[in-house]
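There are 2 protein chains.
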Amino acid sequence: MKAAIIGGGVIGGGWAARFLLNGWDVDIFDLDPEAERKIGEVLSNARQALPHLYDKALPNEGKLSFKNSIATCVENADWVQESVPERLDLKLKVHEEINNFAPKTAFIGSSTSGFKPSEINQNGTRAFVAHPFNPVYLLPLVELVGAPQDSGLILESIGMFALNIRKEIDAHIADRLLEAVWREALWLVKDGIATTEEIDESIRMGFGLRWAQMGLFETYRIAGGEAGMKHFMAQFGPCLSLPWTKLMDVPEFDDALVNLIAEQSDAQSGSLSIRELERQRDSNLIGFMRHLKAQNWGAGKVIAQHEQKLHAKIGSIENKKITTGKGRVLPSWIDYNGHMTEYRYGQILADGVDELLIMAGLDLSDLSQGGSYFTVENHVNYLSEMKLGEEYHIEARIMAFDDKRLHVYQRVYTENGSCAASGEHMLLYVDAKTRKVGGAPKQIMEALNQFAAYHANIDIPNDAGKVGK
Amino acid sequence: MKAAIIGGGVIGGGWAARFLLNGWDVDIFDLDPEAERKIGEVLSNARQALPHLYDKALPNEGKLSFKNSIATCVENADWVQESVPERLDLKLKVHEEINNFAPKTAFIGSSTSGFKPSEINQNGTRAFVAHPFNPVYLLPLVELVGAPQDSGLILESIGMFALNIRKEIDAHIADRLLEAVWREALWLVKDGIATTEEIDESIRMGFGLRWAQMGLFETYRIAGGEAGMKHFMAQFGPCLSLPWTKLMDVPEFDDALVNLIAEQSDAQSGSLSIRELERQRDSNLIGFMRHLKAQNWGAGKVIAQHEQKLHAKIGSIENKKITTGKGRVLPSWIDYNGHMTEYRYGQILADGVDELLIMAGLDLSDLSQGGSYFTVENHVNYLSEMKLGEEYHIEARIMAFDDKRLHVYQRVYTENGSCAASGEHMLLYVDAKTRKVGGAPKQIMEALNQFAAYHANIDIPNDAGKVGK
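Chains as they are written, first to last, in the numbering used here: chain A, 1 to 469; chain B, 1 to 469.
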């Protein structure tokens, strides 16, 4: 599959990363001579971030090319995404050209924040609105307006959440809400009620945390308590007539206001570079979404569904070498000593054992019918420190097994080939219904038998053999 | 310290929980005959939630009493918090009574969403605005208006974040922003552009995730990229004149609109009870804030600072028994088998070893000067399953030590007294600068010596002794 990205700023670059890291080839057209460097930076962020949402590997990255015309860029494209600046005359011109050269079967999305499809297509073109949110490589939301039905499926296949909007309207949905907050916030700064930093704290210390997992209405439904939504509205409704807002008027956007906000923003965030802020933001978003994934809630549900569909497995067997894990040390795994904290070794080793069981044919998603392996003993040797961002992989060896027991030995290797830790694991097969030990299925025994044969003639490691003696 | 809570709804109950769980005594006055039951439910939620933000124990819970008059409730109070319904006549009456009976030294806060201090105090009372956010026992934000300086310190001492607002204004800051979104959202529903569920998705799949960790301005600063905040505003500013909003008008809040929203909200969230929604919300907020704590960012910074000040330690020594951990199995610790996942045993055991080191006098917050212990080997025996919500504690025993090595044995006990796991740990003392082994400080050696003596005459456990042979 091939995506054509027209306009390679922060948003276009984010789209490029989202497609590329999900295995699509991506062609980019942008007149800016700096486009390649800028997109390189977005891509570098995305490569550090997106894979950490999932516990399975993403597909192999697609091929990235820069083109010097819209015509060559959109050639053979399955999806064309326009993200040029928010000027209607420019968008009209670009979409005319896309329309002339893109395949008739291609989906043509516009990242416009505010324009309606009827405005963009006033010269007979066939684009729809596909409005994403920065960082596009992490946040799932895409607002679709006037889009063909299958476009949503394609967005889901690259891990996004398509929100179909029923009627076209200026600024769609989310940007209307953001515009409302923006206007009120401008008044608060202009009137000297609060600084940009104080306004930001009033959001992220309170309702911002709520909105990362439930929106406006579900939050208020809870606030209404057992009496429900009608009760809440009866309480809150009359406030519409109170002077709680200056929204009936628009602040004058003059140089004084622009300077005031720029100065306050510098004082608030100037100690960190934009790159540092981006990395902090991405790390936080990953943390939130991984938590939501474990809860199968909100944005985490989107991540979990995408993960289920990922074909690529972490585990692999090559040259009789059984790899049961690979990844990179995440920021939240670092402890006060500045290296990967102790129990995270246990986590990646435990995940490795799970992967081995999956490779042997155990279906971890449906254990109610049969049984499962329970770990009864672990032994970890910590051989070297692991640092932030360091890549690692895990190799496994079956030490012994029968239909009750499974004895596995694993080694964690870092980028430079050294062994950072070894783990030895004794597991028992337990029937899900009787909770008694034994009776592991034949096909799993056969797979384990094959795995064990790979290492039959290799010496037993020095540090193995202390478990289950 | 004693808090008097006047009005025991969701907000008053949240305040009560926040104070109680931070060791304050709490007296409550509410005319509702159901108040005791309702506050009991908020407290039950809070007890399941707040302690999980921290890795140290909160102080022992204070004493909770229900009073039948404002006069007896505010007696001897250090802090009085009024959370009665949002009607000015009612607030005036209540504050007159508080003013007559509360100690002159008491802080008197009002949870009002909209009224200014000058309105509440028009009859000569001395309240200030202390506006919290639901759930009060988890979200840190309190907006202070017209408050004495020390009030912020008290709020910090119960784990909250005090935002001082410079000038009094209707609805303070956050509720002005919420009111703006609420108005625009009402238009979107009324005009049939989106349902309540679609609006909620447009928030929590996109900008809501951003706002849980950076607010409006810091997020836009990033969007402006290297060109900075002025560049962003030059792009976004002109939108103020575009028809991106219907905020210049107010939707009529008639029965038709109320019914439309109530029906859509039922369709969206009706499959879960309010209690279930609350638990899901709390679990998500805990997950976000724990992640932010690890990053020392935003709300997590508030949690981390409060944690540092918590006097109560997890670790304790009683009757020569060394307790190095206690807690409850959290939802995110459960795996596909329905019990506590394997590596979490490793985590609580590793935390236990850290606690033991703290008890022996090691300062984990400043290792740059001296040195620290590094774990080189762990051995865990998994003896029984641990279920969601189950309480546990960990007991430790020093097996052997010198100025290089420390050999510790720990057992995890569950509520019913059975041993769920044992862990054996070999650690080496490493000098922070030379990264060489040895030279553990004398006072730590002395503490370990004392600990070891407690068990000198007790048999070595059966499952110990396999490590470091």
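Treat the hints with caution; some may be incorrect.
Copies of the same chain are indistinguishable here, so a pair counts whether it falls within one copy or spans any two.
[Said to hold, decoys possible] Below, a list of computed lysine to aspartate or glutamate pairs in the DMTMM-like style, where the Cα atoms sit at most 20 Å apart:
1. K433 <-> E385
2. K167 <-> D78
3. K301 <-> D282
4. K93 <-> E318
FYI, nobody ran anything at the bench for these hints, they're computed from the structure.
Evaluated hints:
no. : hint          : in the structure
1   : K433 <-> E385 : between (42 Å within a copy, 15 Å between copies)
2   : K167 <-> D78  : neither (26 Å within a copy, 55 Å between copies)
3   : K301 <-> D282 : both (18 Å within a copy, 17 Å between copies)
4   : K93 <-> E318  : neither (52 Å within a copy, 79 Å between copies)
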